[in-house]
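Colleague: Sequence:
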Amino acid sequence: APARCVVIETGQPQKKAYRKFSLAHFSAPDDYAALYEVLTRRMQEYKKGREAGETEGFARLPDLILVDGGEGQVTAVKRALNHENMEVPVFGMVKDSSHRTRAITADGEEIQISRNRPVFTLVSKLQDEVHRYTFAFQRQTTKKKTLYSTLTAIEGVGEKRAMALLRHFKTIKAIREAPLSALEEAPGVDKKTAQNVYRHFRGEK
21 APARCVVIET
31 GQPQKKAYRK
41 FSLAHFSAPD
51 DYAALYEVLT
61 RRMQEYKKGR
71 EAGETEGFAR
81 LPDLILVDGG
91 EGQVTAVKRA
101 LNHENMEVPV
111 FGMVKDSSHR
121 TRAITADGEE
131 IQISRNRPVF
141 TLVSKLQDEV
151 HRYTFAFQRQ
161 TTKKKTLYST
171 LTAIEGVGEK
181 RAMALLRHFK
191 TIKAIREAPL
201 SALEEAPGVD
211 KKTAQNVYRH
221 FRGEK
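Everything in the sequence shown is counted per my numbering, starting at 21 for the first residue and increasing by one.
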(Lines of atoms letter the chains of each structure in order from A and count residues from 1; the text may use other names and numbers.)
(Lines give C-alpha, C1' and ligand atoms only; values in the text may rest on other atoms or scores of the structure.)
Protein backbone atom coordinates (compact mmCIF):
# COMPACT_ATOMS: atom_id res chain seq x y z
CA ALA A 1 0.00 0.00 0.00
CA PRO A 2 1.28 3.52 -0.67
CA ALA A 3 2.39 5.97 2.00
CA ARG A 4 0.91 9.44 1.80
CA CYS A 5 2.36 12.89 2.35
CA VAL A 6 0.31 16.07 2.71
CA VAL A 7 1.72 19.60 2.84
CA ILE A 8 0.48 22.58 4.85
CA GLU A 9 1.85 26.07 4.18
CA THR A 10 0.80 29.13 6.21
CA GLY A 11 -2.02 27.02 7.61
CA GLN A 12 -3.45 26.05 4.22
CA PRO A 13 -3.32 22.69 2.37
CA GLN A 14 -1.05 22.72 -0.69
CA LYS A 15 -2.73 19.92 -2.66
CA LYS A 16 -0.39 20.16 -5.64
CA ALA A 17 2.43 19.14 -3.32
CA TYR A 18 0.68 16.02 -2.00
CA ARG A 19 2.38 12.75 -2.88
CA LYS A 20 1.83 8.99 -2.71
CA PHE A 21 4.87 6.74 -2.29
CA SER A 22 4.54 3.22 -3.63
CA LEU A 23 5.76 0.62 -1.14
CA ALA A 24 4.57 -2.47 -2.99
CA HIS A 25 7.75 -4.46 -2.34
CA PHE A 26 7.08 -4.75 1.41
CA SER A 27 5.97 -8.32 2.11
CA ALA A 28 4.46 -7.38 5.50
CA PRO A 29 3.40 -4.15 7.23
CA ASP A 30 6.40 -2.39 8.78
CA ASP A 31 5.78 1.23 9.77
CA TYR A 32 9.38 1.92 10.70
CA ALA A 33 10.88 0.54 7.48
CA ALA A 34 8.21 2.30 5.40
CA LEU A 35 8.84 5.67 7.05
CA TYR A 36 12.60 5.26 6.68
CA GLU A 37 12.20 4.56 2.95
CA VAL A 38 9.72 7.38 2.35
CA LEU A 39 11.82 10.02 4.09
CA THR A 40 15.00 8.79 2.40
CA ARG A 41 13.35 9.09 -1.01
CA ARG A 42 11.86 12.48 -0.09
CA MET A 43 15.25 13.91 0.87
CA GLN A 44 16.93 12.42 -2.20
CA GLU A 45 14.33 14.14 -4.38
CA TYR A 46 15.07 17.39 -2.55
CA LYS A 47 18.77 17.07 -3.35
CA LYS A 48 18.10 16.24 -7.01
CA GLY A 49 15.78 19.22 -7.33
CA ARG A 50 18.27 21.62 -5.79
CA GLU A 51 21.07 20.32 -8.02
CA ALA A 52 18.82 20.94 -11.03
CA GLY A 53 18.16 24.51 -9.88
CA GLU A 54 14.52 23.87 -8.99
CA THR A 55 12.80 25.76 -6.17
CA GLU A 56 9.31 24.24 -5.97
CA GLY A 57 7.79 20.90 -5.03
CA PHE A 58 10.23 18.45 -3.48
CA ALA A 59 13.04 20.92 -4.13
CA ARG A 60 11.80 22.79 -1.05
CA LEU A 61 12.85 21.55 2.38
CA PRO A 62 10.03 21.20 4.94
CA ASP A 63 10.20 23.52 7.96
CA LEU A 64 8.67 20.78 10.10
CA ILE A 65 7.73 17.11 9.70
CA LEU A 66 4.78 15.74 11.67
CA VAL A 67 4.55 11.95 11.73
CA ASP A 68 1.35 10.02 12.34
CA GLY A 69 2.85 7.97 15.15
CA GLY A 70 4.84 7.99 18.36
CA GLU A 71 8.48 7.88 19.38
CA GLY A 72 9.30 4.78 17.31
CA GLN A 73 8.06 6.38 14.11
CA VAL A 74 9.87 9.63 14.93
CA THR A 75 13.11 7.70 15.44
CA ALA A 76 12.73 5.99 12.02
CA VAL A 77 12.27 9.37 10.33
CA LYS A 78 15.25 10.90 12.13
CA ARG A 79 17.43 7.95 11.10
CA ALA A 80 16.53 8.59 7.47
CA LEU A 81 17.27 12.32 7.81
CA ASN A 82 20.61 11.63 9.49
CA HIS A 83 21.55 9.15 6.78
CA GLU A 84 20.92 11.87 4.16
CA ASN A 85 22.68 14.51 6.30
CA MET A 86 19.52 16.61 6.51
CA GLU A 87 18.25 18.56 9.52
CA VAL A 88 14.49 19.06 9.83
CA PRO A 89 12.52 19.18 13.12
CA VAL A 90 10.43 16.00 13.53
CA PHE A 91 7.55 15.38 15.92
CA GLY A 92 5.12 12.50 16.32
CA MET A 93 1.40 13.04 16.85
CA VAL A 94 0.11 11.38 20.03
CA LYS A 95 -3.59 10.46 19.92
CA ASP A 96 -6.19 10.46 22.69
CA SER A 97 -8.97 7.89 23.17
CA SER A 98 -11.02 9.64 20.46
CA HIS A 99 -8.08 9.38 18.01
CA ARG A 100 -7.49 13.13 18.11
CA THR A 101 -3.95 14.47 18.53
CA ARG A 102 -3.51 15.60 22.14
CA ALA A 103 0.26 16.10 22.09
CA ILE A 104 3.35 16.02 19.92
CA THR A 105 6.39 14.02 20.93
CA ALA A 106 10.14 14.03 20.33
CA ASP A 107 13.17 12.76 22.23
CA GLY A 108 10.96 10.84 24.65
CA GLU A 109 9.06 13.93 25.81
CA GLU A 110 5.50 15.05 25.08
CA ILE A 111 4.35 18.60 24.45
CA GLN A 112 0.68 18.99 25.28
CA ILE A 113 -1.20 20.96 22.63
CA SER A 114 -4.80 20.45 23.74
CA ARG A 115 -4.74 23.68 25.74
CA ASN A 116 -3.13 25.74 23.00
CA ARG A 117 -6.05 26.43 20.69
CA PRO A 118 -4.15 27.76 17.61
CA VAL A 119 -1.66 24.86 17.63
CA PHE A 120 -4.36 22.28 18.38
CA THR A 121 -6.51 23.62 15.53
CA LEU A 122 -3.60 23.53 13.06
CA VAL A 123 -2.53 19.99 13.98
CA SER A 124 -6.16 18.78 13.93
CA LYS A 125 -6.58 20.34 10.49
CA LEU A 126 -3.48 18.52 9.28
CA GLN A 127 -4.72 15.24 10.75
CA ASP A 128 -8.13 15.67 9.11
CA GLU A 129 -6.49 16.41 5.77
CA VAL A 130 -4.31 13.28 5.99
CA HIS A 131 -7.41 11.16 6.62
CA ARG A 132 -9.36 12.87 3.83
CA TYR A 133 -6.54 12.31 1.35
CA THR A 134 -6.15 8.68 2.43
CA PHE A 135 -9.85 7.86 2.18
CA ALA A 136 -10.22 9.69 -1.14
CA PHE A 137 -7.40 7.58 -2.60
CA GLN A 138 -8.94 4.38 -1.19
CA ARG A 139 -12.34 5.23 -2.71
CA GLN A 140 -10.72 6.01 -6.06
CA THR A 141 -8.78 2.74 -5.98
CA THR A 142 -11.89 0.71 -5.06
CA LYS A 143 -13.91 2.36 -7.81
CA LYS A 144 -11.18 1.68 -10.38
CA LYS A 145 -10.97 -1.98 -9.36
CA THR A 146 -14.76 -2.29 -9.70
CA LEU A 147 -14.69 -0.77 -13.17
CA TYR A 148 -11.85 -3.03 -14.26
CA SER A 149 -13.56 -6.15 -12.91
CA THR A 150 -16.71 -5.28 -14.90
CA LEU A 151 -14.65 -5.35 -18.09
CA THR A 152 -12.25 -8.17 -17.27
CA ALA A 153 -15.26 -10.48 -16.90
CA ILE A 154 -15.55 -10.28 -20.69
CA GLU A 155 -13.66 -12.89 -22.72
CA GLY A 156 -10.50 -11.45 -24.23
CA VAL A 157 -10.38 -8.41 -21.91
CA GLY A 158 -7.52 -8.33 -19.42
CA GLU A 159 -6.37 -5.43 -17.27
CA LYS A 160 -4.46 -3.73 -20.10
CA ARG A 161 -7.43 -3.81 -22.48
CA ALA A 162 -9.78 -2.74 -19.69
CA MET A 163 -7.49 0.22 -19.02
CA ALA A 164 -7.32 1.05 -22.74
CA LEU A 165 -11.11 0.95 -23.06
CA LEU A 166 -11.66 3.19 -20.04
CA ARG A 167 -8.98 5.60 -21.18
CA HIS A 168 -10.62 5.83 -24.62
CA PHE A 169 -14.33 5.88 -23.67
CA LYS A 170 -13.95 7.41 -20.17
CA THR A 171 -16.94 5.56 -18.61
CA ILE A 172 -18.54 2.09 -18.53
CA LYS A 173 -21.78 3.68 -19.77
CA ALA A 174 -20.02 4.96 -22.89
CA ILE A 175 -18.52 1.52 -23.53
CA ARG A 176 -21.91 -0.14 -23.02
CA GLU A 177 -23.60 2.21 -25.50
CA ALA A 178 -20.80 2.30 -28.08
CA PRO A 179 -21.59 0.87 -31.53
CA LEU A 180 -19.51 -2.07 -32.70
CA SER A 181 -17.59 0.11 -35.16
CA ALA A 182 -16.46 2.44 -32.34
CA LEU A 183 -15.32 -0.51 -30.23
CA GLU A 184 -13.35 -1.93 -33.15
CA GLU A 185 -11.56 1.41 -33.56
CA ALA A 186 -10.58 1.67 -29.90
CA PRO A 187 -6.79 1.51 -29.32
CA GLY A 188 -5.54 -1.91 -28.21
CA VAL A 189 -8.78 -3.74 -29.04
CA ASP A 190 -8.96 -6.27 -31.87
CA LYS A 191 -12.17 -7.06 -33.77
CA LYS A 192 -12.92 -10.28 -31.92
CA THR A 193 -12.59 -8.61 -28.51
CA ALA A 194 -14.69 -5.67 -29.71
CA GLN A 195 -17.42 -8.12 -30.71
CA ASN A 196 -17.21 -9.81 -27.29
CA VAL A 197 -17.61 -6.47 -25.52
CA TYR A 198 -20.48 -5.43 -27.79
CA ARG A 199 -22.34 -8.71 -27.24
CA HIS A 200 -21.64 -8.78 -23.50
CA PHE A 201 -23.43 -5.49 -22.87
CA ARG A 202 -26.38 -6.56 -25.00
CA GLY A 203 -26.82 -9.92 -23.33
CA GLU A 204 -25.73 -11.80 -26.45
CA LYS A 205 -23.50 -14.88 -26.55
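One or more hints might be untrue.
Calculated lysine-lysine pairs in the PhoX-like style (CA-CA distance at most 25 Å, straight line) [what the hints assert, rightly or not]:
hint	residue 1	residue 2
1	Lys190	Lys211
2	Lys190	Lys40
3	Lys193	Lys212
4	Lys67	Lys40
5	Lys145	Lys35
6	Lys68	Lys35
7	Lys190	Lys180
8	Lys36	Lys145
Derived Cβ-Cβ restraints for the label pairs, each shown as a range [said to hold, decoys possible]:
hint	residue 1	residue 2	range
9	Glu197	Thr166	10 to 20 Å
10	Arg70	Glu197	47 to 57 Å
11	Glu197	Gly176	12 to 22 Å
12	Glu104	Gly128	19 to 29 Å
Simulated from the structure, these hints should not be mistaken for laboratory data.
We put the CB at the ideal spot given by N, CA and C, even for glycine.
Colleague: Against each hint, give a clear statement of whether it holds in the structure.
Modeller: Going through the hints against the structure:
| no. | hint | result |
| --- | --- | --- |
| 1 | Lys190 / Lys211 | 20 Å, holds |
| 2 | Lys190 / Lys40 | 24 Å, holds |
| 3 | Lys193 / Lys212 | 21 Å, holds |
| 4 | Lys67 / Lys40 | 19 Å, holds |
| 5 | Lys145 / Lys35 | 14 Å, holds |
| 6 | Lys68 / Lys35 | 22 Å, holds |
| 7 | Lys190 / Lys180 | 15 Å, holds |
| 8 | Lys36 / Lys145 | 17 Å, holds |
| 9 | Glu197 / Thr166: 10 to 20 Å | 19 Å, holds |
| 10 | Arg70 / Glu197: 47 to 57 Å | 51 Å, holds |
| 11 | Glu197 / Gly176: 12 to 22 Å | 20 Å, holds |
| 12 | Glu104 / Gly128: 19 to 29 Å | 23 Å, holds |
The structure agrees with every numbered hint stated previously.
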